[in-house]
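Here's the letter readout for the chains.
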Amino acid sequence: MSKKSINIQHVTRIEGHGNIVVNAGDGHIEKVEWQVPEAPRLFEAMILGRSWEDLQTIVSRICGICSISHSLACIKGIEAAMDIVVSEQTDKLRLLAHYSEQLQSHVLHIGYLVAPDLLGAKSVVPLVETHFDLVRLVIKLHRQANAWSDLLAGRTTHPLTFKPGGFSKVPAEASLRDLHAGLTNLIPDLKTLSSVLLSLADKLPTFERETEYVALRQADTYTFYHGHIGSSDATETVPLNRFETVVNEYISPQSTAKWARWHRESYAVGALARFNLNSAYLSPLAQEVAHAFGLRGKLTNPYLNTIVQLVECAHIVETSLALLDSLLTAGVQPETPNVQPRAGEGVGCVEAPRGILFHRYAFNAQGICTAANLVIPTNQNHGNIQKDFETLIPQIIDRDEEEIKLWLEMLVRSYDPCVSCSTHYLNVEFV
Amino acid sequence: MSKPRLALFDFACCEGCQLQIVNMEEEILDLISVVHPVQWREAMSEQSEEYDIAVIEGSITRPEDEERLRRIRERSRFLIALGSCAATGGINNLKNQLNLKEAQRIVYGDAADMPHLDTDSTKSVDEVVLVDFKVLGCPIDKQEFAYIVRCLVLGKTPEIPTYPICVECKLQENTCRYEHGEICLGPITRAGCGARCPSEATWCFGCRGLSDEPNVYAAREVMDKYRKTPSDLEERMALFCSKPRYDHE
Chain A
273 MSKKSINIQH VTRIEGHGNI VVNAGDGHIE KVEWQVPEAP RLFEAMILGR SWEDLQTIVS
333 RICGICSISH SLACIKGIEA AMDIVVSEQT DKLRLLAHYS EQLQSHVLHI GYLVAPDLLG
393 AKSVVPLVET HFDLVRLVIK LHRQANAWSD LLAGRTTHPL TFKPGGFSKV PAEASLRDLH
453 AGLTNLIPDL KTLSSVLLSL ADKLPTFERE TEYVALRQAD TYTFYHGHIG SSDATETVPL
513 NRFETVVNEY ISPQSTAKWA RWHRESYAVG ALARFNLNSA YLSPLAQEVA HAFGLRGKLT
573 NPYLNTIVQL VECAHIVETS LALLDSLLTA GVQPETPNVQ PRAGEGVGCV EAPRGILFHR
633 YAFNAQGICT AANLVIPTNQ NHGNIQKDFE TLIPQIIDRD EEEIKLWLEM LVRSYDPCVS
693 CSTHYLNVEF V
Chain B
6 MSKPRLALFD FACCEGCQLQ IVNMEEEILD LISVVHPVQW REAMSEQSEE YDIAVIEGSI
66 TRPEDEERLR RIRERSRFLI ALGSCAATGG INNLKNQLNL KEAQRIVYGD AADMPHLDTD
126 STKSVDEVVL VDFKVLGCPI DKQEFAYIVR CLVLGKTPEI PTYPICVECK LQENTCRYEH
186 GEICLGPITR AGCGARCPSE ATWCFGCRGL SDEPNVYAAR EVMDKYRKTP SDLEERMALF
246 CSKPRYDHE
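Residue numbers (the working numbering), protein chains in the order written: chain A, 273 to 703; chain B, 6 to 254.
Certain hints may be false.
Okay, the calculated beta carbon distance ranges per label pair [unchecked claim]: (1) A:Pro525 x B:Thr180: 48 to 58 Å; (2) A:Ala637 x B:Arg80: 19 to 29 Å; (3) B:Arg225 x A:Ala637: 23 to 33 Å; (4) B:Leu159 x A:Glu537: 53 to 63 Å; (5) B:Tyr168 x A:Ala446: 58 to 68 Å; (6) A:Thr464 x B:Ser236: 51 to 61 Å.
Below, in silico cross-link-like pairs of lysine-lysine (BS3-like), each with a Cα-Cα straight-line distance of 30 Å or less [to be verified]: (7) A:Lys441 x A:Lys570; (8) A:Lys303 x A:Lys659; (9) A:Lys364 x A:Lys659; (10) A:Lys463 x A:Lys412; (11) B:Lys161 x B:Lys8; (12) A:Lys303 x A:Lys412; (13) A:Lys441 x B:Lys233; (14) A:Lys364 x A:Lys412; (15) B:Lys175 x A:Lys441; (16) B:Lys8 x A:Lys412; (17) A:Lys441 x B:Lys8; (18) A:Lys412 x A:Lys394; (19) B:Lys233 x A:Lys394; (20) B:Lys230 x B:Lys175; (21) A:Lys303 x A:Lys463.
Quick caveat, the hints were computed from the structure, so don't treat them as lab data.
A quick note: this is a predicted structure, and the numbers were derived from the prediction, not measured.
Even glycine gets a Cβ: it sits at the ideal position worked out from N, Cα and C.
Between the sequences and the hints, there should be enough to build the whole structure, so can you do that?
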């Protein structure tokens, strides 16, 4: 085995800061580390003593890319704590908004962050010259996804219209009809993107490592929003209010973010986990895309996460069209949330684009937050990235150093990590 | 003159402001026709030590980050603070109201003393180095960012409103949020967003920071009229408007 010393500071084209350190001596690997040096922001402590009304405004700032997921998890947590029941319309509109963020985030990841690797470029900037049609396609998808979030959430990043109990403002039916037309238009574009990626799929490294996969499960649904906690290692699901027994967080000296483990030494969350638990319930177009890439059964190549995100884009658009139909058939009614705070404790959970996200809050009678615990998807993936490295590096250590670096960076990117999120989780003791 | 080289650097933040630059979509192509991006970690693997315009996103919270920021300032002709975290400290200012050691213990428990988890109080970029332009907002308005870059490239000074949000809110013909029983920071927050939040039927939470001359007396009158107290206002101001301190009589 050759001597290698690889030190990648601040992996590019990911959200947040992560380093990769590898030292290989003669015949053995001395050190393999996925390090997370992101500046701690102590968000968690910052929300204590703040009003329930301001909570989602604060926690959405944990992440610019998944701010809708954080807002929704927060609001669901508040509603669980205060026994607030929302209307069917609110539930559907929130789900629709939630889908918009999945599409935004997935297209950003596939088109802007991963595609350059598959095309041998360092970023999307040179692709403007060499692959203009692809760039234009990605921009079109991304723009439509953003306009969709704007319509439902009041803006693309850091949503405004979500309130405990309902919406500050519901979209006009005419706008929902325009959205329906816009999403219908995306279907041919998604098929084009799918065939472009299929032609590049052989650029994805082949590497298999079976692990535990954790995601929401809901009967007969490929769920992003409702359900209980499922695992590929367990037949029974776990109720949301026991999520701490799933994540089992611990602190690693190589990270300012906490790590997680459940049945094994690490587990994975995200598109691949959702697929492995729920693929039977994908929409017809999504099944078609999955079939084209030969995806079936349990997927154990982490690099496929990006391809599964593409499958999910098809599912999201098709499912949202049906959701829009049902909203428009029923007609959209104005509704003003009328909520009085009360003491209580509750958990909110959604699938963020990069995996399952948990928020727990406790409030006093005035609705002041007295305790909180947030567990972010990327926290749950850090340990699994480390384990992937430990398995992958001995397999490729004799290759050219640049190629090793590329494979390692691509591996991190495939998890679509949100590192700044993962250092902002909170953990306050509940008594 | 050749195109100025632009580099973007992120510090403690959610990276949502650089996402707004990505969200310019086709307009990014216009942007890169006038500036040449040479470093942008979240979007590009290219890196460069040579640039003319440095764009700083995020707050400064560690000594090593202050060092890094000073090096960036030395290398750049112009420096732009992008978004609330960079321009005013933003939401990270909430941290400054806490005992830091205690806050670390709340977050990291018994491991709080591990040196890699250390953090200082929050600073805005201009508390560490000279800032030429600020793009306000959480997140920034992508049009305002494009306007400021355009001004910079043309050698003009951008004009950012000095009056409060209420002016824009009235132009939008919104009902006052106080009429809905809410605490809105419109009367004291700097305009420029087009009263985005009140237009979505929710209160302004002050992400653009205080206007140059907040009308404290008018705000007081509004408070009295709707039976709210200055402490109600301060609770909400703690999110984004806690700095610079404002003295209420």
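Hints not upheld, ascending by number: Violated hints: 2, 5, 7, 9, 12, 17, 19 and 21; rest satisfied.
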